[in-house]
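Q: Chains A and B, in that order, are what the protein sequence lines are. The first sequence begins at 1 in this note's numbering and counts up one residue at a time. The second sequence begins at 1 in this note's numbering and counts up one residue at a time.
Simulated from the structure, these hints should not be mistaken for lab results. The C-beta atom is built at its ideal place from N, Cα and C for all residues, glycine as well. A hint or two may mislead.
Said to hold, decoys possible - What follows is a list of derived Cβ distance ranges for each label pair:
hint: 1; chain 1: B; residue 1: 443; chain 2: A; residue 2: 263; range: 57 to 67 Å
hint: 2; chain 1: A; residue 1: 11; chain 2: B; residue 2: 107; range: 56 to 66 Å
hint: 3; chain 1: B; residue 1: 238; chain 2: A; residue 2: 219; range: 51 to 61 Å
hint: 4; chain 1: B; residue 1: 455; chain 2: A; residue 2: 11; range: 27 to 37 Å
hint: 5; chain 1: A; residue 1: 220; chain 2: B; residue 2: 39; range: 18 to 28 Å
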Amino acid sequence: MNAIATSLRDRLGNEAEVVPPEQLDATWQSSLQAALAPGEPLPTLVLPQTEAGLAAAIALAHAQQWPMLLSGNGSKLSWGAPARGIQLLLSTQRLNQLLDHAVGDLTVTAAAGLKLADLQAILQPTGQFLPLDPAYPADATLGGIVATADAGSWRQRYGSPRDLLLGLSFVRADGAIAKAGGRVVKNVAGYDLMKLFTGSYGSLGAITQLTFRTYPLPAAATTALASGPPEAIAAARTALLQSALTPTRIDLLSVSLAQALTEQAQPGLLVRYQSSPASVAEQVQRLRQLTEPLGLSFHTYTAEAETEVWSRLQARVRGTQPAAGDGAIRCKIGLLPSAAIAFLNDLTTLASQPSVGQIHASSGVGYLSLPAETEAAVITKLRRTCEAQQGYLTLLEAPPALKQPLDPWGYTGNAIAVMRQLKHQFDPQNLLSPGRCVGGI
Amino acid sequence: MLLKDLLVGRRDRWQPIIREFERALGKASVIRRRDELLTYECDGLAAYRQRPALVVLPRTTEEVAAAVRLCDQHDLPWVARGAGTGLSGGALPVEDGVLIVTAKMKRILHVDCENQRLVVQPGVINNWVTQAVSDRGFYYAPDPSSQSVCSIGGNVAENSGGVHCLKYGVTTNHVLGLKVVTPDGTVVELGGAVPEQPGYDLPGLFVGSEGTLGIATEITLRILKTPEAICVLLADFPDIEAAGNAVMATIAAGIVPAGMEIMDNLSINAVEDIVATGCYPRDAGAILLVELDGIAIEVTENIAKVAAICRQNGSREITTATDAETRLKLWKGRKAAFAAAGHLSPDYFVQDGVVPRTQLARVLREIEALSERSGFRIANVFHAGDGNLHPLILYNGSVPGEFAQVEAVGGEILRLCVEAGGSISGEHGIGADKNCYMPQMFSATDLETMQYVRAAFNPKGLANPGKLFPTPRTCGEAANAQKSAQFKGVALF
Ligand SMILES: Cc1cc2nc3c(=O)[nH]c(=O)nc-3n(C[C@H](O)[C@H](O)[C@H](O)COP(=O)(O)OP(=O)(O)OC[C@H]3O[C@@H](n4cnc5c(N)ncnc54)[C@H](O)[C@@H]3O)c2cc1C
Chain A
1 MNAIATSLRD RLGNEAEVVP PEQLDATWQS SLQAALAPGE PLPTLVLPQT EAGLAAAIAL
61 AHAQQWPMLL SGNGSKLSWG APARGIQLLL STQRLNQLLD HAVGDLTVTA AAGLKLADLQ
121 AILQPTGQFL PLDPAYPADA TLGGIVATAD AGSWRQRYGS PRDLLLGLSF VRADGAIAKA
181 GGRVVKNVAG YDLMKLFTGS YGSLGAITQL TFRTYPLPAA ATTALASGPP EAIAAARTAL
241 LQSALTPTRI DLLSVSLAQA LTEQAQPGLL VRYQSSPASV AEQVQRLRQL TEPLGLSFHT
301 YTAEAETEVW SRLQARVRGT QPAAGDGAIR CKIGLLPSAA IAFLNDLTTL ASQPSVGQIH
361 ASSGVGYLSL PAETEAAVIT KLRRTCEAQQ GYLTLLEAPP ALKQPLDPWG YTGNAIAVMR
421 QLKHQFDPQN LLSPGRCVGG I
Chain B
1 MLLKDLLVGR RDRWQPIIRE FERALGKASV IRRRDELLTY ECDGLAAYRQ RPALVVLPRT
61 TEEVAAAVRL CDQHDLPWVA RGAGTGLSGG ALPVEDGVLI VTAKMKRILH VDCENQRLVV
121 QPGVINNWVT QAVSDRGFYY APDPSSQSVC SIGGNVAENS GGVHCLKYGV TTNHVLGLKV
181 VTPDGTVVEL GGAVPEQPGY DLPGLFVGSE GTLGIATEIT LRILKTPEAI CVLLADFPDI
241 EAAGNAVMAT IAAGIVPAGM EIMDNLSINA VEDIVATGCY PRDAGAILLV ELDGIAIEVT
301 ENIAKVAAIC RQNGSREITT ATDAETRLKL WKGRKAAFAA AGHLSPDYFV QDGVVPRTQL
361 ARVLREIEAL SERSGFRIAN VFHAGDGNLH PLILYNGSVP GEFAQVEAVG GEILRLCVEA
421 GGSISGEHGI GADKNCYMPQ MFSATDLETM QYVRAAFNPK GLANPGKLFP TPRTCGEAAN
481 AQKSAQFKGV ALF
């Protein structure tokens, strides 16, 4: 066993399990291989049992200057820039307790390693849920979802993690435990570190506890898919957003993605309504009236068929196997929503097949899945298209051979210096997930 | 040194600096006459006053940057000011410092309904945004009661809320991007037209930072589609607790109203005295206003459910309105509540604290007990849906020492909020008013960590110094005693 593992065991006792590199199981090995730059040695894994154990591990690493990667279940370790020189991998997997579900207040506080799926199972009997639909829902931990700012189509109605997070605790780079925000839905005391940590990819501190706002589970749901020629889909998007209808999800689907759902080779508009049964029925009917004059075909899905459509979509765009199990290149994009249809068209002509894309119709945030062999030049072209529409393209999962030359992040703004300053303040020795975040932070 | 020499020395120091500001912004945008500076002595928290050395009124991002750079070069502390309606002393100037006022930055720069966003200068008044897009069927959701006078820049700095925040969120949920002049005079873009840009969520961090991280000079806002149906329900209750129970039961029924507001008997009568709405029964212990919006069928269903809930919880009389005119009439009293409190007593102090919704009844009982103990009448008007209390403490500022006592009562209320698991501010901010209470909510480590953020943006500490965080100078025991002594007997409003 290496010296690092030995000193961690001495220091942490039964506060944490310490796994030296040679004893890592296959799952951790593959997550790590996807996260580290090629040829990098595997680090020692630490699984603290308590927040104090995590703090003690980080304090020791801080004193010893061991660079660390922070993770939950490791399902998204491959996102971000490949890491180098990592000595420790810290996982919050065992910090998985529900701490408080204030049912009447619609808030829930949990340890960062609790899986979203497990939290939903706890909330469900009380008629509540946390409206987040991120990648790898079965594996994703709350901490990992926040650290990667990952969400899905529910953005339309409920926003993304930044909009749902009310408070957090974290271990700083020096091992001290700090918190911000609170457990109430409205609070402006102090800086909003919840926003700062959302999407920080483990570069500022190790999130240990989170408080979210929850929502009542709607009584009924129906999903409708309109498909047809791109111009008609664009017109339907505009008409829907100009209408007073209140869907919880609105997604624009590339031809290949719509095809995976309907067998029709035309782009699609996938809309979900969740409300009272009468409201859902009426809204679906009104959507039909909006889309049919445009010559679009119209399908509805309810009950299991509905669940099935969304999980197929999720699997196709975002994958089922963490760490690029199917070898696909996965990107997060953003662009002005008015340009979304044109972009999805370009995707069909530019990228080799089967490339699929999904764009949330109101925010312009979306996801792409491209075949493993897609060339860097194609991705650059797609990125330029997003940038021309005030957006971005970030490579989440891609082989290192692509991430190296391309810069996975694709940040084009002028605030890198501010971000560096923040990183420097929170982690002056650059020990927390060094190099993984935007601009080499 | 004699006082006279000190003053002369100060003037000599400022003369060349003023000329530099005049060169950068034009003479008309630099205010230095003592009588003109008076307007800027305080914000909505008029108990705290401080005359700045200089006020500047830039028109563009470049002019703001030039002003901030001059401050940086000469190590001058500075404070940003929007409309000056803040209630926590955030825009309180600093002695021997510069006040940068956005009153001349009032242009709506770009409207893009297709993408549901628009770009404004910071001095734009909150309800101008909705006015600019309402004919196309859109609106800007955050609606503080001060919306006809407060600026978007101030809203951003305070992360302001409004009566519709329960369903639609506060300012931070509606800001996509910001152009900001940081305290070294650099212009940076935080976020942009499209949300979730790669890297840290800088717009999220900046919103609510109370002018301590820089000045926002352009703000990209998200706008929403106007709902097809809106219904306001007014119900009266024998007491606040019953009204609170109706709120709880509504939420438990899975209904998310746009807003839920409660007023107690004292505020009902104050409002009826002044605006005579004729809708709020004077003998009611409390009234509850619920606004529901969305698809017509859903609003109809839910309003029936809420009405039933109110009846079950002891409501005598329920009025509903869907037409704009009657809805406004039902809201009118609530909107006038602060103004009405001004007529109940020579002065009032608005507190702003948050408790978990489930603790509302208990905390309100304790506030009532506090009112009896202290002898100050306290009127309660609050955002019940999100547990955001606004107790109005009525007092007479011309009685020596009363303000200090009122501050102590206000502090006691904050303690109750924190004990109940809540917060010392839901929307008015910490500013100069509550920085000494921050240690009640946050440990020394928490506060030290928040200072990392300030140090990253504002390393010299020139932007809005002394606000938001406790400082030994203002929060030491001795310093506290001195602060109240200094304001003793000063006419406050
Ligand atoms: C009658 C009344 C009712 C109110 N109701 C509500 C309510 O319902 N909800 C609510 O949330 N608030 C309410 N307020 C408080 C106040 O209106 C808000 O805090 C408002 O956002 C302040 O805006 P302002 O333009 O007046 O800002 P100011 O008071 O001028 O400044 C507030 C803070 O913002 C900073 N600032 C101003 N402009 C900028 C800028 N461009 N960049 C960076 N920092 C800046 C200042 O330095 C200061 O710290 C109310 C106030 C009054 C008087």
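Q: Work down the list of hints and note, for each, if the structure agrees.
A: Hint by hint, here is what the structure shows:
Roughly 59 Å separates the CB atoms of residue 443 (chain B) and residue 263 (chain A), a value that falls within the hinted 57 to 67 Å. At about 60 Å, the beta-carbon gap between residue 11 (chain A) and residue 107 (chain B) stays in the expected band of 56 to 66 Å. For the pair residue 238 (chain B) and residue 219 (chain A), the supplied restraint of 51 to 61 Å is violated, since their beta-carbon distance comes to about 32 Å. Distance hint for residue 455 (chain B) and residue 11 (chain A): a CB-CB separation of about 31 Å, consistent with the stated range 27 to 37 Å.
Between residue 220 (chain A) and residue 39 (chain B) the CB atoms are about 56 Å apart, so this pair departs from the stated range of 18 to 28 Å.
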